[in-house]
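J.: Sequence:
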Amino acid sequence: MLDAPDTAVLAVNLGTPETPTAPAVRRYLAEFLSDPRVVAIPPLLWKPLLYGLILPLRGGRSAAKYAQVWLPDGSPLMVHTRRLAKAMQQLMPNLRVRHAMRYGAPALTAELDRLAAEGMRRIVVLPLYPQYSTTTTASIEDQVRDWQPRHPGVTVTLVRDYAVDPDWVAAVAGSIRHWWAEHGRGERLVFSFHGIPQRLADAGDPYPQRCEASAKAIAQALALGPDDWQLTYQSRFGREKWLQPYAEPTLWAMAERGIKKIDVVCPGFATDCLETLEEVAMGFTETVAERGAQMRYIPCLNADPAHALALSRLSIAALT
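The numbering of the sequence shown is UniProt numbering, which starts it at 1 and goes up by one.
In short, the hints are calculated from the structure, not lab data.
Some hints here could point you the wrong way.
No farther apart than 27 Å at their CA atoms in a straight line, the calculated lysine-lysine pairs in the DSS-like style are these [to be verified]:
no. : residue 1 : residue 2
1   : LYS241    : LYS216
2   : LYS65     : LYS47
3   : LYS241    : LYS47
4   : LYS261    : LYS65
5   : LYS241    : LYS65
6   : LYS216    : LYS261
7   : LYS216    : LYS260
Cβ pair distances, simulated, as ranges [unchecked claim]:
no. : residue 1 : residue 2 : range
8   : GLY283    : GLY225    : 37 to 43 Å
9   : ASP227    : PRO43     : 32 to 38 Å
10  : LYS260    : ALA181    : 36 to 42 Å
11  : LYS241    : LEU45     : 17 to 23 Å
12  : ARG185    : PRO43     : 19 to 25 Å
13  : GLY225    : ALA30     : 44 to 50 Å
14  : GLY283    : GLU18     : 22 to 28 Å
15  : LEU45     : LYS86     : 38 to 44 Å
16  : GLN220    : ALA67     : 24 to 30 Å
17  : ALA203    : ALA4      : 38 to 44 Å
18  : PRO152    : PRO23     : 17 to 23 Å
19  : LEU71     : PRO36     : 18 to 24 Å
C-beta: ideal position from N, C-alpha, C; glycine also.
From just these sequences and the hints, can you work out the full model?
T.: Written as structure tokens, this is what we have:
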């Protein structure tokens, strides 16, 4: 067991509003959508549109969606991320394990400051994004790079990608097997990953290749044939072309072809959140049912012991 009292692991998720209210959602979205990694439009053009149109319109709508999935202890993303960090801490008692958010609280740079003030000299930053993208992991990398020069006595190591890590793949496959053992197996398994604009992939973002690698590795671990599963992308925003195939129309087409029972899993999300619970588990399920089929959502890994173990091993490997 690694005994390193001056070493910490910081698990970083995307972020969440503090409450399911329009003002809190607007504050969160303002930070998220002001990141040039997320929206590449020049600020002089983007900020008036963001503050004048998008935030006033989306704040209330998004708050209503958050309210549908909010847990007694907070947002699902925050609750599950906190529990995951706690599970990792139990597996690594001689290291310090914390969680942070790229947008919102607890803020990534504030947590790095806190760990440095507590005497940590080595920090592993673990983005909870299995598949690398310039829109997610690279944004965390930007903040770490900006923070590092102010703390020359601290060494920060970033885990950039674990799309095909064997322990993580085994954890996802194991969770699907366990769900099937309890609920039965559908006729198709659909992998639904968060999408990104196609122009980013055309410019060299490796995200679609990493998603494909994850889906193939999980399908192989489950001994699925090529006709047993399908990769899709969800959460498209705006009018431009995003990665395809789009998840919901793909599910509709399956239902219309006579496939009556479809299972959906979201292995690009470490923890359940608005996009998995409201968009997929609630929204997709409803529209697929309207087309005469049943869609069942398989939850994210969250604080599953196999997930905590896989991420703990990744963190320790980053230190050696």
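J.: Confirm or reject each hint.
T.: Tested hints:
{"no.": "1", "hint": "LYS241 with LYS216", "in the structure": "holds (24 Å)"}
{"no.": "2", "hint": "LYS65 with LYS47", "in the structure": "holds (24 Å)"}
{"no.": "3", "hint": "LYS241 with LYS47", "in the structure": "holds (22 Å)"}
{"no.": "4", "hint": "LYS261 with LYS65", "in the structure": "holds (26 Å)"}
{"no.": "5", "hint": "LYS241 with LYS65", "in the structure": "holds (25 Å)"}
{"no.": "6", "hint": "LYS216 with LYS261", "in the structure": "holds (21 Å)"}
{"no.": "7", "hint": "LYS216 with LYS260", "in the structure": "holds (24 Å)"}
{"no.": "8", "hint": "GLY283 with GLY225: 37 to 43 Å", "in the structure": "violated (29 Å)"}
{"no.": "9", "hint": "ASP227 with PRO43: 32 to 38 Å", "in the structure": "violated (47 Å)"}
{"no.": "10", "hint": "LYS260 with ALA181: 36 to 42 Å", "in the structure": "violated (20 Å)"}
{"no.": "11", "hint": "LYS241 with LEU45: 17 to 23 Å", "in the structure": "holds (20 Å)"}
{"no.": "12", "hint": "ARG185 with PRO43: 19 to 25 Å", "in the structure": "violated (49 Å)"}
{"no.": "13", "hint": "GLY225 with ALA30: 44 to 50 Å", "in the structure": "holds (46 Å)"}
{"no.": "14", "hint": "GLY283 with GLU18: 22 to 28 Å", "in the structure": "holds (24 Å)"}
{"no.": "15", "hint": "LEU45 with LYS86: 38 to 44 Å", "in the structure": "holds (43 Å)"}
{"no.": "16", "hint": "GLN220 with ALA67: 24 to 30 Å", "in the structure": "violated (39 Å)"}
{"no.": "17", "hint": "ALA203 with ALA4: 38 to 44 Å", "in the structure": "holds (39 Å)"}
{"no.": "18", "hint": "PRO152 with PRO23: 17 to 23 Å", "in the structure": "violated (39 Å)"}
{"no.": "19", "hint": "LEU71 with PRO36: 18 to 24 Å", "in the structure": "violated (32 Å)"}
Violated hints, listed in ascending order, are 8, 9, 10, 12, 16, 18, 19; each of the other numbered hints is respected by the structure.
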